[in-house]
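Asker: This is what each chain is made of:
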Amino acid sequence: MKEIRLTAPVVPEDLAKLEAGMVVYLDGVLYTGREGLYRRILDEGLAPPVDLASVSNVNFHCSPAAAVRADGSYNVGAVTATASFRFSKWMNRWFDASGCRMIIGKGGMSEEDYRQHFMPKGAVYLTTVGYGTGALLGRGIKRVRAVHWLEELGIAQAMWIFEVEKFGPFLVDGDLKGNSLFESENRKINATLADVYAGLKEPALRRYGETTSRKDEVI
Amino acid sequence: MIAAAAIESAAYELTRQAAIVIPKDYSNGIKAMLETEKNELSKFVLKAMIENWEAAEADRRAMCADTGLPRFYVKAGNEARVEGGFVAVEKALRRAVARATSDVPLRPNRVHPLSRVDHNNNVGIRAPEVDYSFEPAADWLDITTVHKGGLFGTDYRMLFPGDGLDGIKKFFLDVLVQFGRRGLACQPAIVGIGLGGSKDTAMTIGKQAACLRVVGDRNPDPTIAALEMELKTLGNSIGMGPMGFVGSSMVVDCHIEVAHTHTGGMPMSVHAFCLSSRRAVARLHAGGEIEYRTDPGWFTPYYRREGVE
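First to last, the protein sequences are chains G and E. The opening position of the first sequence corresponds to residue 306 in this note's numbering, with each subsequent residue numbered one higher. The opening position of the second sequence corresponds to residue -1 in this note's numbering, with each subsequent residue numbered one higher.
These are calculated hints, taken from the structure and not from any lab test. Any given hint could turn out to be false.
[What the hints assert, rightly or not] Pairs of lysine to any residue, SDA-like flavour, derived with a Cα cap of 20 Å:
#1 E/Lys41 / G/Ala499
#2 E/Lys36 / G/Gly326
#3 G/Lys307 / E/Phe42
#4 G/Lys493 / E/Ser235
#5 G/Lys506 / E/Phe42
#6 E/Lys168 / G/Ala499
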C-alpha cells in the first residue's frame, strides 16, 4: 500500500497526490469540529472563536477522551473520530466559511457528497482506521494549542487545536477525482452478495423500511 | 463481609483496565483472523488495531477515544455479605466511574437524551447501568465492567416459529451487512444473539452473549453450539471484512443465548462487540482478597437453569 506523510495546513499540490486507498500520516496543526461547531457557526451565525483559516485547513471529526486538570492544563488520552456521514449537509457551506480543504473522520461520506461538495472546493476526505486507533492517534498529539467553546459545547464537541507529529494512520477515502474507497469496496462486495442470501426465505412479518435492497447503504 | 471501600477501588481499577487493555481472548482471535485474511486493506486494518492495543498498554491510555458507556454486571454469591448492602455497592460503582472518567481519562459520553446536558463524569439517570445475577453456594462478589460503544451494530426483530433457521440467518446477515459497510460496527466483532424470551429479554441476553462470553466459548447445548459455528462461518463468508473492505474477517466469534419464549413468537436480537471489546472482571472475596480476570463467567449452569428448582 502507498504511504505518504503530509504537513498541515495542507497545500493543493499535496492533495493532488492523494488517491483513494493511500495511507496518510500528518504533521502540523489541525482542529476538531463536529455538529456543535457547525451548528453555532453555520446555522446560528456566530463568529468563529478564532480565525479558522489562519489556524489550519484540516478539520478532524473528533471527540477526544480528554480531561481538564486542576491546574487548567489538558490531559488528552485517546483520540478517535466520530461517524462523518451525519455532517455531510454542512460540508459545502463549511468549506466556504472556514477555508477547510481536508476532512478527517470515521467512515467517510457518499461518493455523491465528494463529487458535489468536496471536488468543486478542492477538498479531500481521510478516514481513521479500525475503528479506532485511539492510542496511536493520542501518541501523535504533541500539544494542545488551545480549546475553544469548551464551556458552551463540552469536552466532546469543543474545538480543540492540536499540534501533531506522525499523526495517523489514515486512509484516503475521497480523493480529488471524486473516488470513494468505501463505495468501490461496496461495489465489489455487492457483486457476490446475492449468493450469501441464496435460498433464505423472507420472514412472515415484514417491516416498514427506508431501503429494501441489501446493496444499499443505510447511512 | 466485603468492604464497600474495596468495591469502589476494584471498580475504579476495572474501569481503567477495561479502557486500556484489550482482553487476550479477543486479541488472540483477531491475530488468528489476520493469518487467514487475504485482502491487503483488511490486513492493514487488523495490523493497525494490533499496534494500537500495544500502544494503549505501553502508554496506559485508552485504546479508543469512544470509551463507550461504562456499565456493570454484578454476580453475587448467595452467601455474600456486603458492608452497607447493595445500596452501598451501587454508590461505590457510581463513584468509581466518576473518578475514572477524569483520571484515565474516559470520554464523558453520557448525556441527558433530550437536553443533551453532560455531567462530564459518565454518571446520570440509570448510568452506569447495573445488572445482577446470583450464584448458589458462594460468598464472593463478581463485578464485571463492560464499556460498549455503540450507535451501530445492534438490532431487534420479532420473528415467528415458521421463519425458522432461515429467518435467523437472514436477520443475522442483514445486521452484519447493513452495519458492516464502512465498518460502522467496528468489526471483526464478537456477535451476540439473543433468541426468545420477552422482547426485552431477547435484547438483554443477546447483549450479554456478545459482552460477557469470551472468544472460543461455546454454548453447552450442542444444537446451539453448532448454530453458533454455522453463523460465524456464514458471517465470514459475506465477503466483507474490517471497515467494510473486501475480506473474510467479520465475526471473531458468535455467541447465542436463548430464553423460553411465547409459543407464537421467536424474538431475536443481534449485538456486535467491537475492535475495542472492553471488559474486565474482579472477584471480591469475604476475606478481602481481590482477583482480576477478563472472563466474566456470567453464564453459569445456574444462570441458564431450565427446571422448576
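Asker: Each hint should be assessed against the structure and marked as holding or not.
Answerer: Checked hints:
As the CA atoms of E/Lys41 and G/Ala499 are separated by approximately 25 Å, the hinted pair breaks the 20 Å bound. Restraint check for E/Lys36 and G/Gly326: the C-alpha separation of about 16 Å stays at or below 20 Å, so the hint holds. Between G/Lys307 and E/Phe42 the alpha-carbon distance is near 12 Å, which keeps this suggested pair within the 20 Å criterion. Simply put, G/Lys493 and E/Ser235 have alpha-carbon atoms about 14 Å apart, close enough for the 20 Å limit, and the pair holds.
The suggested pairing of G/Lys506 with E/Phe42 is violated, with an alpha-carbon distance near 36 Å, which exceeds 20 Å. Between the alpha carbons of E/Lys168 and G/Ala499 the distance comes to roughly 12 Å, so the proposed pair stays at or under 20 Å and holds.
The structure fails hints 1 and 5 (numbered hints given earlier, in ascending order).
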